[in-house]
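Asks: Residue numbers (this note's numbering), protein chains in the order written: chain A, 103 to 357; chain B, 103 to 357; chain C, 103 to 357; chain D, 103 to 357.
Note that these hints are calculated values from the structure, not bench results.
A portion of the hints provided could be inaccurate.
Identical chains share a label here; the pair holds if one copy fits it or two copies do between them.
Unchecked claim - Straight-line alpha carbon distances no greater than 30 Å define the calculated DSSO-like cross-link-like pairs of lysine-lysine that follow:
| no. | residue 1 | residue 2 |
| --- | --- | --- |
| 1 | 313 | 174 |
| 2 | 260 | 121 |
| 3 | 142 | 311 |
| 4 | 260 | 154 |
| 5 | 142 | 260 |
| 6 | 313 | 266 |
| 7 | 313 | 241 |
| 8 | 311 | 241 |
| 9 | 154 | 311 |
| 10 | 142 | 174 |
| 11 | 121 | 241 |
| 12 | 142 | 313 |
Number of protein chains: 4
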Amino acid sequence: MDVIGENTFILVYRDRRRKWIVRPGETPRLHTHLGILDCKALVGEPFGITAKTSLNDELVILKPTIEDMILKLTRRTQVIYPKDLGMIMVKCGIHSGSMVLESGTGSGATTALLAYLVMPSGHVFSYEVRGDFQENARKNLARLGLLEFVTLRLSDAKEGFQEKDADAGILDIGDPWEALPSFRRSLRPSGVIAAVTPTTNQAERLVEKMKEERFVAVETIEILMRHLEARSGMTRPSNAMVGHTAYLTFGRKTL
Amino acid sequence: MDVIGENTFILVYRDRRRKWIVRPGETPRLHTHLGILDCKALVGEPFGITAKTSLNDELVILKPTIEDMILKLTRRTQVIYPKDLGMIMVKCGIHSGSMVLESGTGSGATTALLAYLVMPSGHVFSYEVRGDFQENARKNLARLGLLEFVTLRLSDAKEGFQEKDADAGILDIGDPWEALPSFRRSLRPSGVIAAVTPTTNQAERLVEKMKEERFVAVETIEILMRHLEARSGMTRPSNAMVGHTAYLTFGRKTL
Amino acid sequence: MDVIGENTFILVYRDRRRKWIVRPGETPRLHTHLGILDCKALVGEPFGITAKTSLNDELVILKPTIEDMILKLTRRTQVIYPKDLGMIMVKCGIHSGSMVLESGTGSGATTALLAYLVMPSGHVFSYEVRGDFQENARKNLARLGLLEFVTLRLSDAKEGFQEKDADAGILDIGDPWEALPSFRRSLRPSGVIAAVTPTTNQAERLVEKMKEERFVAVETIEILMRHLEARSGMTRPSNAMVGHTAYLTFGRKTL
Amino acid sequence: MDVIGENTFILVYRDRRRKWIVRPGETPRLHTHLGILDCKALVGEPFGITAKTSLNDELVILKPTIEDMILKLTRRTQVIYPKDLGMIMVKCGIHSGSMVLESGTGSGATTALLAYLVMPSGHVFSYEVRGDFQENARKNLARLGLLEFVTLRLSDAKEGFQEKDADAGILDIGDPWEALPSFRRSLRPSGVIAAVTPTTNQAERLVEKMKEERFVAVETIEILMRHLEARSGMTRPSNAMVGHTAYLTFGRKTL
Chain A
103 MDVIGENTFI LVYRDRRRKW IVRPGETPRL HTHLGILDCK ALVGEPFGIT
153 AKTSLNDELV ILKPTIEDMI LKLTRRTQVI YPKDLGMIMV KCGIHSGSMV
203 LESGTGSGAT TALLAYLVMP SGHVFSYEVR GDFQENARKN LARLGLLEFV
253 TLRLSDAKEG FQEKDADAGI LDIGDPWEAL PSFRRSLRPS GVIAAVTPTT
303 NQAERLVEKM KEERFVAVET IEILMRHLEA RSGMTRPSNA MVGHTAYLTF
353 GRKTL
Chain B
103 MDVIGENTFI LVYRDRRRKW IVRPGETPRL HTHLGILDCK ALVGEPFGIT
153 AKTSLNDELV ILKPTIEDMI LKLTRRTQVI YPKDLGMIMV KCGIHSGSMV
203 LESGTGSGAT TALLAYLVMP SGHVFSYEVR GDFQENARKN LARLGLLEFV
253 TLRLSDAKEG FQEKDADAGI LDIGDPWEAL PSFRRSLRPS GVIAAVTPTT
303 NQAERLVEKM KEERFVAVET IEILMRHLEA RSGMTRPSNA MVGHTAYLTF
353 GRKTL
Chain C
103 MDVIGENTFI LVYRDRRRKW IVRPGETPRL HTHLGILDCK ALVGEPFGIT
153 AKTSLNDELV ILKPTIEDMI LKLTRRTQVI YPKDLGMIMV KCGIHSGSMV
203 LESGTGSGAT TALLAYLVMP SGHVFSYEVR GDFQENARKN LARLGLLEFV
253 TLRLSDAKEG FQEKDADAGI LDIGDPWEAL PSFRRSLRPS GVIAAVTPTT
303 NQAERLVEKM KEERFVAVET IEILMRHLEA RSGMTRPSNA MVGHTAYLTF
353 GRKTL
Chain D
103 MDVIGENTFI LVYRDRRRKW IVRPGETPRL HTHLGILDCK ALVGEPFGIT
153 AKTSLNDELV ILKPTIEDMI LKLTRRTQVI YPKDLGMIMV KCGIHSGSMV
203 LESGTGSGAT TALLAYLVMP SGHVFSYEVR GDFQENARKN LARLGLLEFV
253 TLRLSDAKEG FQEKDADAGI LDIGDPWEAL PSFRRSLRPS GVIAAVTPTT
303 NQAERLVEKM KEERFVAVET IEILMRHLEA RSGMTRPSNA MVGHTAYLTF
353 GRKTL
C-alpha cells in the first residue's frame, strides 16, 4: 500500500478553498490558521487518513492528483485551466507513447500534464525563449518526477523545431500564427495542434493562418465550467464562476 | 511513416458535419452524396492526403483521434461527451498504469478512452448488467484494438467488485449512490471517483450519500462548450449549442 | 371582463412548440394537425377557456402577450430576442412617456415593443432605408394597434434625425458606428443608446467609436438563456439552447 | 432642458465600479477617494456635464436610469437582477396601465421598476409580511417619486389579495407554491405570473403546483449575463461573471 514518505507530496485538505500541498521533509510543521499540523508524524501513514492540528482541528491527508499539482503551480504564472486542459488532451489524443511539441513552456504546468500522460514511452519537447521561465519549469518538473519525459529547449519555436513527426503540438504563446509553419513542418501528417488564446482577435487571426497552412478540421471553442451546489432540498448553481479563460483552437495537418 | 492499411480506421473528412470513419478492407468503396470514394486505392498511402470522389469532390484522409472514435460510437447509445470526459480524465488523474473501475460499460465509449489512457501497463475493469450492452462494447473495444487493456464483467457493481485498490472509479449509471459502498471498498485510499448524472436530483442524492460514505473534496460541476465561428471580420459565437449533457460529481476516498 | 372579439388576436396554445396566433374574423376555422378549431365560436367567450378541436383535442385560448406578438413576427425577418429586448428596455429605462429613436425599423418587432412601453404619451421615431421593410413594419404595427405611437421615416439615420432630445436610441443596423454622430446629436444629454450586433468585430469597432464620441458607461454584454426542465425528481437543464443571438452595447451621452 | 435640482438624484460616474447616486440637497459635498465633489455647485447645470473634484479628477454627472436606482437599493437586501427583471417585464407584458400584484415587497426594488412601467394609469399592489421591510420599501419608493402608483399592504399573500383581475403577478418569496391559489383567484384569465427562486428544488415544486392549479405555458428559465471586454485588437469575454442569481418560472392562468 502507498504510504507517505519524507519526499512525498501530500495534499492537506479541509475544503475547496483551504488546502495545501507540502512534503513532510521540507515542511515538517505546517502552520495554518486552523492550527499547526505535524507533517513529520505522517511519514509511514497511508493516504486518506485524518490528522489533527494543534488546535484540534481535523484535516484530511490525500495523495495529490495531477490537477492539484497543476493548480499549485498557478500561483506563479498563468496556467491553462484543467477544464481547458482536459479538452485539449482528449482532442489531441495525448496518451502513453505520444510525442508532443509545446511552445512555450511557461511555468511547466501544461508540460507536466503532458509528461504525465505520455510517460513512460512518450516524450514532450517544450520550447521557451525566456531562460527564467525555463528554469522555473525545470524545477517544477523535477519536483514532480516528470523531468525525464521532457526535453526543455531554450529556443524560439518560430525558428523551427529540431524534432520531426510529432503526434501533437500545443501552442500557448501570444502570436501562435507565427509558429504555425514550424509546427506544420514537425508534425506527422494528420497530427493535431491545439492553441490557447484569450482574445477573439487572436483566434480569428490564427484560424485564418491555419487555413492558409492547409490545416483542416479547424475549430475554435470555449469551455465554461460552473459548480452546482448540490445540497438536500437546496440545490443551486454556484454564484462564483470564472467567466472566461481562453479560446481553444484545434486543427489537423494535411499533406 | 504511418501508412493506411486494409484494417486501419480512416477518417474521411469534409467538414465538421460531413465525415465518415471506415476501414478500406470493410468499405472498399464509400458512397457519399459528394460521390464515391475508392478507399481500397488509399491502402499504402500516408495519412493527411487529399482524395477525389467519383464526382471530383475533394476529401481529406485523416487518422482518427480517440475523440473521433468515441463520437462514432455515439450513434448507438448515449455516450459521455468529450468535454465531460476530458474533465473526468484530468480530475481523476487517469494515465498510463492507472487501474480503473467502471460501472456500467454501456457502449464501451468511455471504457475505450480509459483503456487508451491507461495502456500499456494499466487496466480497466468494467461492470455491466446487460449482456447485449456488454457484447456491443466488447465488439467496439476489439475493433479499436483496446480489448486487452479491459476486463468486462457481466455483474452488478452494487454487489461489489472483485478488484481492490483501484486508482479511480467512473460511475455512469442511473442510481450511482447505490454503488458507492462497492466503489469505496475497492478504491485505494485517496482514490478519486467521478459520476455522471443528467439531473440535479441525482447529483443531490449522490452528494449526500458521498458525504455519508466519508468521501471528501466532493464537488459537482457542469461543463458547457460553445464554438466560436472565427472568421476574418465576422467572428461570432455559434448559434448551435448543446445546453446540457450531464453533471459531473467528484469525490476522494478517505479512510 | 375581457372577451374575445372578431378582431382580437388570440393565442391558441397546446405547448411551447405548438401554438398559433390568429383573429377569429380572419381565420374562422384554424386547421392544425390536432384537428380543426372553430375560432368563430370563440367570439364572446372569455380568455383562458379550453376549446375542443374536431378531433376532440383540447387547446387553451389565451390573450397573446407582447412577447407572443414579437415572436410571431420572427418568421419573416430576424428579430431581437425577448431575452435581449428585456435587458435593453431596463437599461434604457424605456417607459410610458419616453421618446425613442430607432434605426432600422426591420420587421417592426422591436418598434412594437417600444411603442407598447412608451404609450400613451411617448413616441417612437423609427428610421429605415428599405421601403419594403417599412411597409411590412407598418402593417405589423397597424395590426397590433400600435401605429399611432410610432412615426416611420423612410430615411437613413446616418444622415441625421429630424428629432431632438430623445431619451433613448436603439441601433439595429450592420454598421452602427456610422450612425453614432446622428444619435449623439439627437439624444438628450445623459440619454442612453443600445446597439445590437452579432459579431465581436462590430462590438469592438462600435465601442471604439462610442468612446471617440464621448459616450460613457460604455459596456458590451451577452445574454444567454437556458430552460430548466423542472419535473418532480427529474429536473435538468434543457439540451436545446440557442448559443448566441447578439452582443448588446450600451452607452450614455455626455456633453 | 432637464437641469439638476436640489432634490434631483444624480449619478456621479467614473467607471463601472466607481459610481455614486446622491442628491445635491442631501449631499452638498461628496467625499470620494478621487477627491471631493461640490454637488451643490451642480444645481442648475444640465445632465451630461463633466465636473472636477478637489483633486482635479474628472467625474461625469448623469441622470440615473431606473436600473441605476434599482442597483443602488441592492446594498440593503437582495434584489432581482436587471437581467432577470428585463425578462420578467417582457414575458409578463408589463406596461403603462397594467395592474400588477407582488409578493413580497422586500426592498421595493422590483416594486419600483413595476411602478415605473405601469404609471401613470396602472397600479402595483405589493404584499409584505414584515413591517420593517415595508417601511424601508415605502421610503425607497417615496424617494423615487413612485409611491403614488403603489399600494403597500402589510399582509400575507397566501391569505389572499383584496384585488381582482390583475394583469400579472410577481412572486419573490421562498415558498411561492403556497401563494399560488391566491394569485390564481386574483389574476384575470390569461394573466401571467412570474416567480423568482434560487434553487432547483423550489422551481421543481412550483412547477408541479402550477400544473395542479391549471396554469399553462409553464416554463422555467435561467438568464446568464457576461460582459465582453471589447477593445481594439484585444477583445475578450470578461473573467468576472455572476454564475447564478435565480430561476424564473412563468405561467398563465386558465379558467
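Asks: Which hint numbers doesn't this structure obey?
Replies: Those not satisfied are hints 2, 3, 4, 5, 7, 8.
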